[in-house]
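Participant: Just need the whole structure built from these sequences, with the hints factored in.
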Amino acid sequence: MSADLSVRNYSPIAQRAADTLLRSLGGFSVSLQIPAVSAGGDAAEIGITTQTYQQLPLSPAIFRRVRIPLSEGAPEKYELMISASAIEAQVGALQLTSADALFAQAAGVSVNGKFFLIEAIAAPEAFGQAYLYRLQLREALPQDI
Amino acid sequence: MQNAKDTFYVTLRNRLATLNPNRTMLLRGVQRPGILVEEAEAVVPMLPADVFVLRWTALTADVNLPLVLARLDCEILYTTGGTQPASGLDRGRALEEMDAELLSLLSPNCAPKMNYTQTPPVQLNTPVFWSAADFTPVTTLRDRLSRSARVTVFAYQEPGEL
Numbered sequence: 001m002s003a004d005l006s007v008r009n010y011s012p013i014a015q016r017a018a019d020t021l022l023r024s025l026g027g028f029s030v031s032l033q034i035p036a037v038s039a040g041g042d043a044a045e046i047g048i049t050t051q052t053y054q055q056l057p058l059s060p061a062i063f064r065r066v067r068i069p070l071s072e073g074a075p076e077k078y079e080l081m082i083s084a085s086a087i088e089a090q091v092g093a094l095q096l097t098s099a100d101a102l103f104a105q106a107a108g109v110s111v112n113g114k115f116f117l118i119e120a121i122a123a124p125e126a127f128g129q130a131y132l133y134r135l136q137l138r139e140a141l142p143q144d145i
Numbered sequence: 146m147q148n149a150k151d152t153f154y155v156t157l158r159n160r161l162a163t164l165n166p167n168r169t170m171l172l173r174g175v176q177r178p179g180i181l182v183e184e185a186e187a188v189v190p191m192l193p194a195d196v197f198v199l200r201w202t203a204l205t206a207d208v209n210l211p212l213v214l215a216r217l218d219c220e221i222l223y224t225t226g227g228t229q230p231a232s233g234l235d236r237g238r239a240l241e242e243m244d245a246e247l248l249s250l251l252s253p254n255c256a257p258k259m260n261y262t263q264t265p266p267v268q269l270n271t272p273v274f275w276s277a278a279d280f281t282p283v284t285t286l287r288d289r290l291s292r293s294a295r296v297t298v299f300a301y302q303e304p305g306e307l
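Chains as they are written, first to last, in our numbering: chain A, 1 to 145; chain B, 146 to 307.
It is possible that part of the hints are untrue.
Said to hold, decoys possible - Stretches of chain B that chain A covers, calculated by requiring three or more beta carbons in the stretch to come under 8 Å of a beta carbon on chain A:
(1) 183-192
(2) 212-226
(3) 258-267
(4) 271-283
Said to hold, decoys possible - Derived SDA-like pairs: lysine to any residue, alpha-carbon spacing no greater than 25 Å straight-line:
(5) 77/A to 183/B
(6) 114/A to 191/B
(7) 77/A to 191/B
(8) 77/A to 193/B
(9) 77/A to 231/B
(10) 114/A to 136/A
(11) 77/A to 190/B
(12) 77/A to 44/A
(13) 77/A to 184/B
(14) 114/A to 186/B
(15) 77/A to 186/B
(16) 77/A to 192/B
(17) 114/A to 185/B
(18) 77/A to 187/B
(19) 114/A to 190/B
(20) 77/A to 134/A
(21) 77/A to 189/B
(22) 114/A to 184/B
(23) 114/A to 188/B
(24) 114/A to 170/B
(25) 114/A to 125/A
(26) 77/A to 185/B
(27) 114/A to 187/B
It is worth saying that the hints were derived from the structure and are not from the lab. Here the structure is a predicted model, which is why all the values come from computation and not from measurement. Glycine included, each C-beta is placed from N, C-alpha and C at the ideal position.
Facilitator: Printed below as a string of C-alpha cells:
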C-alpha cells in the first residue's frame, strides 16, 4: 500500500473527492462475501460442513476489465475501485480493527451476481488515510451446484 | 483416500495444538491451531505466514496387494517474516522453529485411520502412515522466508471406503 507520511492535519477532502468521482463514473454497488456463521470443528476444517456467507454491500464502486485476455482459457482479470468510506462503515459495523482484517475474511466479491476472487489489494492514501481501495479480481471458475 | 487425507490433517493439527498452543490463527472467524488444508479453504493470493499449509499433490495406487495401497504426496508449506518486536530480524530463527515443529508433528509416523464424515468420527481397521519429511531449500521473497516439506502418506483402501 502506498503511504502518505505527511505531517499535515487530516482532512476528508480526498475521500470525498474519490467518492464523488466514483459516483460520477458509474457508482456501482458490489458485495463482499464474508463468512456468516463461524464454523469450527473437524468437519468445517476438512471441507465437509458447508460454509454460509453474508453479502456486505459496498457502494460507490467502479468495476472494469484490466486487460484483454491474450491466452486461450486464461481467466480474465478485473479491477474494482471501492470508496474508502464504504469500507470504513463495514469495518465499524463488524467491529473489526482494520480494513485488512475485513479483506482477510473475505472469500471474494460479487458483482451483478457474478463471483470474483480477490488477487491483490492496494489503498492509496492522503493525509495518512486511505481514500480508495483498489482490488484486483479474477473471475472465479465455474463450480458444481 | 479422503479418509487418509482427513486423518493426516487432524492428527497433525491435534499434535500442533499440544506442541505449540501459541501457534494459532484466526480463519473464517474461528481461532484454531495454525495448520490448514489448502483445498478446504478459500483461495488466497498469498499463503498466510507462520502457519502450516497442507497441499495434496500426486496420487499413485498399488493394486497388486490384497488391499489397494494408496500413496498420496502432501506438500507442507510454511512461510514466516519473523516477529514484529524483533523487526523481522528473527525470521531465520522463526523458520527454524517451524522446521523443528514440523519434524515433531510428523513423529510418530502413523495414526489410526478415521472416518470424519460420521459423527462422532469412526475408527477404521487400517492405519495411515507416512514417510520422513523431504525438506526443500529456503526461498527468500523480500522479507519472507519460505520452505516446504514433502511427505508421502500411505493408506490401504478398505472395502466400501471412498
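Participant: Need the list of violated hint numbers for this structure, in ascending order.
Facilitator: 2, 4, 9, 12, 24 and 25
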